[in-house]
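Colleague: Line order of the protein sequences matches chains A and B.
Residues 1 to 287 in the numbering used here are what the first sequence lists, from first letter to last.
Residues 288 to 396 in the numbering used here are what the second sequence lists, from first letter to last.
Warning: the hint list may mix true and false statements.
Subject to a maximum C-alpha distance of 20 angstroms in a straight line, what follows is the list of computed EDC-like cross-link-like pairs (lysine to aspartate or glutamate) [stated by the list, open to error]:
1. Lys230(A) <-> Glu379(B)
2. Lys230(A) <-> Glu350(B)
3. Lys387(B) <-> Glu224(A)
4. Lys374(B) <-> Asp217(A)
5. Lys396(B) <-> Asp217(A)
6. Lys333(B) <-> Asp206(A)
7. Lys230(A) <-> Glu357(B)
8. Lys364(B) <-> Glu56(A)
By construction, these hints were calculated from the structure, which means they are not laboratory data.
Each chain, written out:
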Amino acid sequence: MLGSAIIVFREVLEAALIVGVVLAASVGAPRRGFWVSCGIASGVVGAGLVALFATEIAAAAAGIGQELLNACILLLAVGMLGWHNIWMSRHGRELAATARSIGDAVVSGARPLYVLAVVVGLAVLREGSETVLFLYGIAAGGGLSAGALIAGGALGLLGGVAMGAALYLGLLRIPTRRLFTVTSWMVLLLAAGMAAQAAGYLVQADLLPPLGNAIWDTSAVLTEDSVIGKTLHTLIGYVSRPDGIQIMFYLAVLAGIWLLTRVVGAPVSSPTRASLRRNAEIPNTTG
Amino acid sequence: MPRLVLVVLALIFGYAASAMSQGAPYTLTIKDHMFQPTEVEIPAGKKIELIVKNEDPTPEEFESTELRREKVVPGGKQITVYIGPLKPGRYEFFGDFNPKTARGHIVAK
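One chain only, chain A, in its complex shape:
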């Protein structure tokens, strides 16, 4: 039972940490609970489907279906996270500046929360499908009683969710004004890490050259197998022995999104911010 709890915990941990970051990044946005719940629910359904069609997926695209699916999921999430940061750099500061005085104004209504819902959904789908396959394997193998299996799964699920909740509550302790900056960086690192992971899958499928195997090796200090290593792997893309191409993907996404938030976000935001500040000074008549 403990063995299955640990395996479920490791799978749930990654998804839970991503949900924690997304929740912290969307503090104050209306209906974020709805969007995040939608993301989790569709992720669970998707995980079931991926597990159900595991054989077909494995055989698809001349045997590299799994890698393609994983890489596509990760790159889609990278795009969503990047888009979120770019959007927030345009509108987020006004949001933060006005949030207290006039509540969530018109601006926040347009905030693309579905983007974060998709990220949550994809994270749950990826990690969830492995959990389903693992639990199915145990159930079919008859190694554990149904009770022990459910107890182990529930324990692992609870442990993973607790870690995600701890991250979220920890982030909430950051003052609101700084929280926006902190979560933007976390989203950026999350995206870069996912891009490196996607590159890893494409190397595994032999679609990309590794451009150097294990450019460095920090596994003596920290392996991705440990809880801290896995946490850092999810949050900042820590890899103890990265391929050259993974480093390139990581840096390209990091620089790309950062530059776009500067280029796209900066010029428009100042006049809007000024006008919003003026609005904020008008006494609140709506509420």
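Assemble the complex: chain A is given as a structure, and chain B must be docked to it using the hints.
Modeller: Showing chain B alone in chain A's frame:
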């Protein structure tokens, strides 16, 4: 900058050359949640093709942190992963769904 381009080109061509020298695939079998053989010897500095056959009815995940590989092997099916070119050394792999029993390693020489 031009030097960087040269380095990248050299890496790509080096990779292509090593990819071409790839020989027959290596095979690994999963039975009763164990790998057979538990040690696979491969040449260092070459990319190889590894076939993992799952003879169990239940799914397994071939995983190696050291090789950065993870791929689900459905029950009764087989998958292919590409490995290397590796530096000489020992690289552990395991079955993520049965990590206690399903263990083995690759030795690159």
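Colleague: Next step is simple, just say for each hint if it's right about the structure.
Modeller: Against the structure, the hints come out as follows:
1. Lys230(A) <-> Glu379(B): 18 angstroms, holds
2. Lys230(A) <-> Glu350(B): Satisfied, since the Cα-Cα distance of roughly 14 angstroms is no more than 20 angstroms.
3. Lys387(B) <-> Glu224(A): Holds. Lys387(B) to Glu224(A) sits at ~18 angstroms (cutoff 20 angstroms).
4. Lys374(B) <-> Asp217(A): 12 angstroms, holds
5. Lys396(B) <-> Asp217(A): 19 angstroms, holds
6. Lys333(B) <-> Asp206(A): 13 angstroms, holds
7. Lys230(A) <-> Glu357(B): 14 angstroms, holds
8. Lys364(B) <-> Glu56(A): Holds. Lys364(B) to Glu56(A) sits at ~10 angstroms (cutoff 20 angstroms).
Violated hints are absent here; each numbered hint is respected by the structure.
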